[in-house]
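Residue numbers (this note's numbering), protein chains in the order written: chain Y, 66 to 496; chain D, -8 to 129.
Misleading hints may appear alongside valid ones.
To be verified - Beta-carbon label-pair distances, calculated as ranges:
{"id": "1", "chain 1": "D", "residue 1": "N2", "chain 2": "Y", "residue 2": "L188", "range": "43 to 53 Å"}
{"id": "2", "chain 1": "Y", "residue 1": "F191", "chain 2": "D", "residue 2": "A89", "range": "37 to 47 Å"}
{"id": "3", "chain 1": "D", "residue 1": "V100", "chain 2": "Y", "residue 2": "Q352", "range": "47 to 57 Å"}
{"id": "4", "chain 1": "Y", "residue 1": "L188", "chain 2": "D", "residue 2": "A29", "range": "32 to 42 Å"}
{"id": "5", "chain 1": "D", "residue 1": "Q14", "chain 2": "Y", "residue 2": "P398", "range": "53 to 63 Å"}
{"id": "6", "chain 1": "D", "residue 1": "N2", "chain 2": "Y", "residue 2": "H115", "range": "22 to 32 Å"}
{"id": "7", "chain 1": "Y", "residue 1": "G131", "chain 2": "D", "residue 2": "A22", "range": "39 to 49 Å"}
Unchecked claim - Covered stretches of chain Y, going by a simulated chain D footprint (3 or more residues, C-beta under 8 Å):
{"id": "8", "region": "117 to 128"}
{"id": "9", "region": "160 to 166"}
{"id": "10", "region": "254 to 268"}
{"id": "11", "region": "284 to 294"}
It is worth saying that the hints were derived from the structure and are not from the lab. All C-beta atoms in this analysis are idealised placements derived from N, C-alpha and C, irrespective of residue type, glycine included.
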Amino acid sequence: MPSAGEALRRQARRVSRRRALRGKKAVLFGASVLAAQVKDELEKHGVPVHAVVDNDPDKIGRNYQGLRVQSPEEVLVPFSDDYVVIVVAFAAAREMLHQLETLGYRKRRQAFILTTLHLDESLPAFVRFIPHLLRGQITYRKLTGGNPGSTLFIAPYAGTGDMYLIELFLQSFVERHAICDYRLAVTSNACAQVARMMGESDVIVADQHALNSVISYGRLIRARPTSIVVLNDGWMGAPTEWLRGYKGLNFEKMFRHTVFGLEDEIAPRIPVASATNEAVLKLFDEQGLVPGRTVVLSPYANTLFHVPDAAFWGELAARCAERGLTVCTNCGPTEQPLAGTRAARFPLSLGPDLVETAGYFVGVRSGFCDVVSGTASRKVVLYDREGRFYKGSFHEYFSLSAMGLGRNLREVEYGDGDREDVVAEVMEGLT
Amino acid sequence: MRLRKRYDIDNGAYVVAFVEDDQALNEVALAHVRDLVADRRARGVVVATDQQWVVERAAEDPDGILAVEVLANRDVESLLSFYELYQFTPRLFFVSLARPYGNRLWQMVGVNGLTLDDLVCLSMYRIRGWAGQGVTCA
């Protein structure tokens, strides 16, 4: 079964080839995280998105992937045959289509629905689901070694920030429930690195679909609460998902309360970073970086939102160099360091020690910022001002300070056109 | 399948299943049916329940309710079991803090001032415009 994102991309590719779209202005109806993938896919296939509309009052007026979200009526009234509307919808697809029809837009002529595949209640659909359950049973047995008394923790999402948060509370949960024997299953090597860095010994990397099938199997057998524990605040339709960002329920609080059921008084277990790690010192030596006088720039975030452009980073790197700091770019194997900076390529597990040794860090908010948040170095973390995550702004939901993880930290929101101010604020944060 | 056909659920309607003997929760959920209908621009909802109290209250205030379907307890359990396997429709909502299996909403009552209204409107009904005291419509 393809993931929701893959399924939508496939449909977007199909729609982009339709004759009805030729010479028309595409309007995306639905400003969701998944719809961003549709926009990306449409644009890759020569269908630029002219406008984005949504019925959600929280989203209207905000920036979404470089466009301002408007209400459907604002854009689509009066009816214009120049528009073709791409609806990205889940539960409310029919209502959205009905809304468009009342405005004069007809299905398959001016309106196309893209939705994730879901199984219905028919017998053929149920039969199609059975192999998934069998796979779940087999995978569960394999992962637990057939030991019915053990606990299988599943971290189904590949975000390193999620993994870091999980590890802040996992041991408290284990102690509270007197769990003696457990294994942690994750879906990426990066997550496994974070987990091991934070002290986990029995970590296994597994395919996400296989882990989803284990979760389904657990539902089928109504597994006891500590035999299969899903370490996510909204996985596979969990209703807690929709509380994200509401009434100050940020990233940390969602994990603390929905995943672990831990009170606010339980302190997170923040790992201590070291400035004397030999592997890090060797890397510093090789790259000509000065311990305590180096700024690590982290521009290549795997983030949901708009990131500052190369000009911003270039100017920031120059200003840091003027101040007498050596400057390096945190980059992956295929990424290039920013102009005038040195490449810092290192395993994620070395991240905290590297930033601790450097003394300074500037990065776009991503999972890496969580991972290095416990270091004593001076840090500036950047948040897209227009970014929304469920009921909160990007900053409200992911603020490290609000999560209690903000040691020596300055948080800066950025938007289009305020480069100079943001650079100045970042430099102030590094002082 | 029977409910889907009888009430033409796919055509702008929803089923709200009241599966708990929790009067406070059920009362809140019934009170917000009209918010659900308004948010989704829906025709209405079908209330499905094995709770006599819910049947009576729904009859007193039928705004937004297309019909009340009285189910036997074993039918409610079967519906839950099936839904736990996979979410076979996005048009079915359960009024419960603990079910279907894996629902941890009960852990959230009172956290950061979360009320039953919040949990019903945001998590159970997924009303996008819910802002604490009512629905903000676009």
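Here's how the hints hold up against the structure:
1. D:N2 x Y:L188: 43 to 53 Å: violated (22 Å)
2. Y:F191 x D:A89: 37 to 47 Å: Distance hint for F191 of chain Y, A89 of chain D is violated at roughly 25 Å.
3. D:V100 x Y:Q352: 47 to 57 Å: holds (52 Å)
4. Y:L188 x D:A29: 32 to 42 Å: holds (35 Å)
5. D:Q14 x Y:P398: 53 to 63 Å: At roughly 60 Å between Cβ atoms, P398 of chain Y and Q14 of chain D fall inside 53 to 63 Å, so the hint holds.
6. D:N2 x Y:H115: 22 to 32 Å: holds (30 Å)
7. Y:G131 x D:A22: 39 to 49 Å: holds (40 Å)
8. 117 to 128: Our answer is that it holds, as 6 residues pass the Cβ test (under 8 Å) against chain D, meeting three.
9. 160 to 166: holds (count 3)
10. 254 to 268: violated (count 0)
11. 284 to 294: holds (count 3)
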